[in-house]
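Chains A and B, in that order, give the protein sequences. First residue of the first sequence? That's 719 in this note's numbering, and the numbers climb one at a time after it. First residue of the second sequence? That's 82 in this note's numbering, and the numbers climb one at a time after it.
Derived by calculation from the structure, the hints in this document are not laboratory data. Any given hint might turn out to be false.
[As the list claims (entries may be wrong)] With a straight-line cut-off of 20 Å between C-alpha atoms, the simulated PhoX-like cross-links for lysine-lysine are:
| hint | chain 1 | residue 1 | chain 2 | residue 2 |
| --- | --- | --- | --- | --- |
| 1 | A | K965 | B | K263 |
| 2 | A | K979 | B | K335 |
| 3 | A | K977 | A | K965 |
| 4 | A | K1010 | B | K113 |
| 5 | A | K1010 | B | K303 |
| 6 | A | K848 | B | K105 |
[As the list claims (entries may be wrong)] Quick list of simulated restraints, FRET-style, between CB atoms:
| hint | chain 1 | residue 1 | chain 2 | residue 2 | range |
| --- | --- | --- | --- | --- | --- |
| 7 | A | A806 | B | P270 | 54 to 62 Å |
| 8 | B | D161 | A | E766 | 42 to 50 Å |
| 9 | B | W111 | A | A789 | 49 to 57 Å |
| 10 | B | D97 | A | A789 | 44 to 52 Å |
| 11 | A | D882 | B | N231 | 30 to 38 Å |
| 12 | A | G846 | B | D290 | 27 to 35 Å |
Bear in mind the structure is a predicted one, so any value in this text is a computation, not a measurement. Using N, Cα and C, we set each Cβ at its ideal position, and we do this for glycine too.
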Amino acid sequence: MRAVARDVAFFVEHLKGQVADISFELAGRARALAGETGGRSVAIVVGEGARALAGQVACDVAVCVDTPEVARYNPLAYAGAVAAVARAREPFALLFGNTSQGLDLAPAVAAALERPLLAYCREVRVEGEKVVGVSQVYGGKVMVEAEAPAGAVVTLMAGAYPADAGRGAPGAVEEAAAAVDAARVRFKALIEPEAADVDITKQDVLVSIGRGIQSQDNIQLAVELAEALGGAVSASRPIIDAGWLPKARQVGKSGQTVKPKAYLAFGISGAPEHLEGMRDAGLIIAVNTDPKAPIFDVAHYGVVADLFDIMPALTEKVKAAAG
Amino acid sequence: MNIIVPIKQVPDLVEDLEIDASGKALDRDWLKFKMNEFDEHALEEALLLKEEHGGQVTVLALDTGDVDDSLYTALAKGADRAVKIVGDFEQGVSSRQAANILAQALRGMEYDLVLTGVQAVDDLDGQLGPLLATALGVPSVSVVAGVQVNGRTATVKKEFAGGLVAELEVDLPAVLGIQAAKQPPRYAPVSRVRQVMKTASIEEIEAGDPGAAGIEVRRMFKPETGKRAEMIEGSPEEVADRIVAILRDRGLIKG
Ligand SMILES: Cc1cc2nc3c(=O)[nH]c(=O)nc-3n(C[C@H](O)[C@H](O)[C@H](O)COP(=O)(O)OP(=O)(O)OC[C@H]3O[C@@H](n4cnc5c(N)ncnc54)[C@H](O)[C@@H]3O)c2cc1C
Ligand SMILES: Nc1ncnc2c1ncn2[C@@H]1O[C@H](COP(=O)(O)O)[C@@H](O)[C@H]1O
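Just chain B, same shape as in the assembly (with noise of 0.2 Å):
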């Protein structure tokens, strides 16, 4: 079985997120990016139906910076393949561009299953997932939780609100959107990262043609803060007494 892990380098949220002179965009001079965290888990899902049915996994990235870090993890981690996709995103690429790339791209590789992340922290355009799969026209499924596959077809688990989940099956090949890997993605030691770095290599394509944008920025900025919250400063049992007490005051302590 051949699986396709897309991934894709985001900011880390923990991180202050400035706007830069443009005021159209993240100052990307500030910005600490780390991989996208659904992807953990689509790559981990990938690994273990590899080591179930036994096959090949591919971990595929557009170089929009910073991505051959997880690339090469990926590769630690048991992916066997590492793809980048080269070309000129300085201007950025939006997910539906990024799906016409990674469409293109696929076109020339064998591939029975895709799993996406879920969604990414950054995209304006929707999700990459079905985008993709509607251009390569196979079936897609967003939201999955746990994925069996059973010869040409795949189980998935999609999850709904309250904790609702629906049991689809679907034809392979087809595009799945990663929620939650059946366990936590696994860990890959620094020193086997290292040692990856030095015998394995990654691979390079060129990227084809992005397609136009579909959506213009006009501006971005951050959210209001007129309805932000009453700070409570002091030590933490200062801290500690003003809770006790407001909690007090609304019964929720009895005493």
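The following block holds chain A by itself, in its conformation from the complex (with noise of 0.2 Å):
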């Protein structure tokens, strides 16, 4: 087995010059780690203005890489220099968050390094010399157990452990000059979304609807309820990449993150990066025809039924409440 040190190391992800929540998240579980191994909490900061990022970190050091190849975002450069730093300090475990950004980087880090990999852990343990993490897969249906050796790289779900313990300060910065390989892909631009009719981020109600909802002649339905209701028509991924609904009305991980007053799902099944972005909705009500889809663990009501029965007869319901 590898020697690894005891330090807890994590990756601070950030965009437009905003340190991502997901990073104190990971911050807060590391510190508590690096407790348990009786080692430090190293968070591992790339990019321009590392050093600003990093200052409102809670970590034992901070480790900043501002290089010219690492001013933006590029997979390539990120995973070379994330690689470097861990390769000189061998972390007991390296933290990602489970990201667009850590999709790229914790496998390509776990392939360099060749240290395991756990991945969509909603927690994260140490035990004697093993890393241990609960995984959330299968669309949230099923949980796995898995250990690794000390030296693993875990990627943490959003939401899994509280942002507020992980701000703070480093108590000490380090900059590290790691040469990466970066010619081979190169940042263009950053493309902000485009304008929505609808800005679903601001409605009391949203009516979600997701695969269920079938066909996109079937939309009217849940558009003539949100209508009924005053909000606004919102989907799950699949409703988007069919080209139903326009981008601005998806909820999730790669969409929008909303908190209305009242969320109704409508034929979603509640993966986890559909549940990153309404978990904290007010009140969530679901209803799908499958007892088991994983939106009625984060619903306050549920019904199990077919879509197509209950919309109708509550839009009606809605309208003659509302006289």
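From these two lone chains plus the hints, build me the complex, please.
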């Protein structure tokens, strides 16, 4: 087995000069784990302005890489930089968020370092010389507890640990000048989302539809219900990928995070990537034909039924009640 | 242009998932498999690129069971070659092992682009794309929606949260993890698939060394249902009345 140090390292993700919430979640957990391994929590911050970004993150040491090759996000260069820092320190565990950047970097770094990887973790622990993760797989329907030897790379789901524990400042800041191979990937531009006809993040009520809606024509049913409630229609990713609604209506990991007073989910299974965008809604009511759909784990109220029976009946009743 | 699309069979999540007697794996007897939905997008993007630039699309699968239908369907949609990697996969294959096996197979093939699905619902040890790219020594980008090729470079759109997109330029050959194709995946009529089954064939190659698994599953379990929703029962009208009452209590319905 390879020799590893006691430190617990984590990757600090940022975009447009903002540290992502997930990084604070990792910081808090890394500090707790380092308490158990007897090491330090080490933040790895890569990119332009790394030092300033590191200043917000609670950790024992922040290692900053701020060279021209990593000025903008570049998966090849970033993976190279993180791998170089990790190689020099051999952390007990190296944490990433299970995010768009994490999906690029965690496997690449794990492969480069020949370290095992525990992905999709909702929980990570240290047990003796092992790293133990509890992952959420099969669209949230099954959990798996798995272990890896010390040295493992781990990706954590958003919301697995509180962010507040990770806000603060580093005990010490170091600079690292990792030589990285960046030339084969070039950052060109950051494209802002197109202006939306309706801002789903500002609605009190969202009628949200998933693949259970079956066809584009059926979306009209949801529109009618949303109108009766004075809200708007949002959707899961497959509805957007099918071209049935604009991208601005997508709720979830690669869409919008919404917090309406009421979120009515029809025919949405509740995959972790969807839940990430709506689990904090004030009231969640889910209608699904599958009694085991994970959406019922976050919903306040659930109905096991065909949405085509419930939706029109509800529209009628809402119209009647609103007079 | 040579495009390789590795495809994977995953359990259909609409079905019940039961855990087997070992407590460490799903009971395969009850599972219905289908092609990973993001692989449908990867294949679509590959076919669109072929239509634009010419070349060849090869679908590649590890023979973990039930892959033939998906391979024939890919041929029916317009893929040129279907290759099945055979070996002893009884104990399951992790993403890392699949990456090792695919890397060895790809060393004997010509490729400009490898388009994988962004992720599958069953992997525990990370996404195959970046693992494969590292093994091959080529760059990779994940969470890609939209690929444009100009000569020896690809311009890709990588999605972040909130609808934000990064445009990246990548030298070929490269591995891209496809989240969504430029248009919804095409459909292959059953009659066409049947015809392809009669006329086309699936090539077979032997798997190389998968290497060690790296992680060990201790147990598999269903998520706790303690926080489960309060279930509303009754006829559609009764359910609707109850929901109206709940919304009205919260001031979300006037009147
Ligand atoms: C990197 C990444 C980012 C992602 N980002 C997002 C994101 O931002 N947002 C997002 O939503 N997804 C996202 N996904 C996709 C996510 O993993 C799921 O594939 C998706 O959320 C599933 O959508 P769904 O629930 O509509 O479809 P399915 O999972 O297919 O579920 C359909 C549901 O409808 C039910 N149903 C069927 N018929 C009826 C009926 N007549 N009445 C009632 N119920 C019915 C079924 O029981 C089923 O539960 C992302 C995935 C990846 C890998
Ligand atoms: N056993 C496999 N055979 C072929 N392709 C695979 C296999 N496992 C993963 N892939 C590819 O890698 C993508 C990501 O899968 P995963 O690594 O399981 O998240 C899939 O969408 C496939 O394109």
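Exercise for the section: May I ask which of the numbered hints given earlier this structure violates, with the numbers listed in increasing order? Expected result: Of the numbered hints, just 11 does not hold.
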